[in-house]
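Participant: Assemble the whole structure, with the sequences as input and the hints as a guide.
Sequence order for the protein chains is A and B. Numbering of the first sequence is given in the numbering used here, commencing with residue 1 and proceeding in unit increments. Numbering of the second sequence is given in the numbering used here, commencing with residue 1001 and proceeding in unit increments.
Heads up, some of the hints might be wrong.
[To be verified] Chain A is nowhere near these chain B residues, computed Cβ spacing over 10 Å in every case:
#1 1040
#2 1047
#3 1049
#4 1052
#5 1054
#6 1091
[As the list claims (entries may be wrong)] One side of the interface only, derived from the structure: several residues of chain B facing chain A at Cβ under 7 Å:
#7 1011
#8 1012
#9 1013
#10 1028
#11 1046
#12 1062
#13 1094
#14 1100
The set of hints was computed from the structure by calculation and includes no laboratory data. From the three backbone atoms N, C-alpha and C, an ideal C-beta is built for every residue, glycine too.
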Amino acid sequence: MKFKDYYEILGLPRGATQDEVKRAYRKLARKYHPDVSKDSDAETRFKELGEAYAVLKDPEKRAAYDQMGGQWKTGQDFQPPPGWDAGFEFSGGNFGPGAGVDHSEFFEALFGRHAGAGQSAHRPPRGQDHHAKVLIDLVDAYRGAQRSISLRMPMLDAQGRIAMQERKLDVGIPKGIRAGQHLRLAGQGAPGLGGGPAGDLYLEIAFKPDPQFRADGRDVYVTLPLAPWEAALGASVMAPTPEGPVQLTIPPGSVAGRQLRLKGRGIPGTPPGDLYVMLTIALPPADSEAAQEAYRAMAKAFDFNPRKALEGQAR
Amino acid sequence: MNPIVMTYVQGPVVEEEVRFTLVELCQACSAEQEHVLTWVFEGVLDPVGESPEDWRFSGESLRRARLAMRLSRDLEINPPGVALALDLLDEIAALRARLQRAGVR
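Facilitator: Here is the structure:
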């Protein structure tokens, strides 16, 4: 087990006042909250912050933590000294930051598995509802799919203790589901107490990043490169869609940035979404004598000034 | 090694097929009733129905209520602050979606 320096995590000296602890936590928590920050490590950072704050804001836990002395450094191998918490009594957390999160092994070794989570005195007999996220491919939303997911969730074992248990579920992903929507799986949450009904499991749907397609609600976007002559003269080209390529007519005189809408080719539903094909123009490289000659012929054939709109605006 | 038990499960799409009562919404996002009541009065959630017993929350309320719950718990933000943060987050999400549509990642 690695030691965690909770003062370092909050960027505080060991002598910081309770007000300074609170200020430092709030400032960093706003920065790294996973709902606010897009940093890839925001979730890890935020968990650490919550854990550091759960210890340092609580005078009892902080005093016990301080007693271990300042010689420990983050990442050092650590075992709590025997009897390290003698003389301290932890009255348990209440509803507040850090409640309901998984704590590190380090935290649990010191303060017990549930010291940070607010344990309400009476839990209702119905089991708690649980939440998880599931990543699917965009094409799953077009066709519907069956996805196996494994979940780690706290369950009561035969002795009535809470232990993490792995469960596998085979989930039906309905056709037409969109990113950000939730599936409710009745009775797949935490088991009830004393014969009460189990809670529900909510699955939040997200799409795996796709190299080609971008979904926004029901609508799907794809970029289609064209040769200059295809855009200018019109053409019939193959365009990718999540359901496979389709023949697409490019009208003559198409310009880069133009969007062609394929009605009803977005994510299915009532109404179905649309597929937007965004045109870009790719220039062939002038990497041979013949290609350069072709560009020179174009320059001669056109009386074309691409900067016409800028004229008269020079400053 | 225990045999892996696979259970096939299906369920409704919350945003399209589910309406929550106050009690159900509290259960679904582990919130106290008083929190949800405050968020309704701050305009974070907008149920139909006259009194709290008759309220029905749209499926979309699940996401908003969970977000409100996390922001108020983790950042110790008061209800008007939660309402403001949710509005701003919605706006950021809309702007990000516009960037993404244009192919900017």
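Participant: Each hint: holds or not?
Facilitator: Hints, one by one, checked against the model:
{"no.": "1", "hint": "1040", "in the structure": "holds, 20 Å"}
{"no.": "2", "hint": "1047", "in the structure": "holds, 18 Å"}
{"no.": "3", "hint": "1049", "in the structure": "holds, 21 Å"}
{"no.": "4", "hint": "1052", "in the structure": "holds, 18 Å"}
{"no.": "5", "hint": "1054", "in the structure": "holds, 22 Å"}
{"no.": "6", "hint": "1091", "in the structure": "holds, 13 Å"}
{"no.": "7", "hint": "1011", "in the structure": "holds, 4 Å"}
{"no.": "8", "hint": "1012", "in the structure": "holds, 6 Å"}
{"no.": "9", "hint": "1013", "in the structure": "holds, 5 Å"}
{"no.": "10", "hint": "1028", "in the structure": "holds, 5 Å"}
{"no.": "11", "hint": "1046", "in the structure": "violated, 18 Å"}
{"no.": "12", "hint": "1062", "in the structure": "holds, 6 Å"}
{"no.": "13", "hint": "1094", "in the structure": "violated, 10 Å"}
{"no.": "14", "hint": "1100", "in the structure": "holds, 5 Å"}
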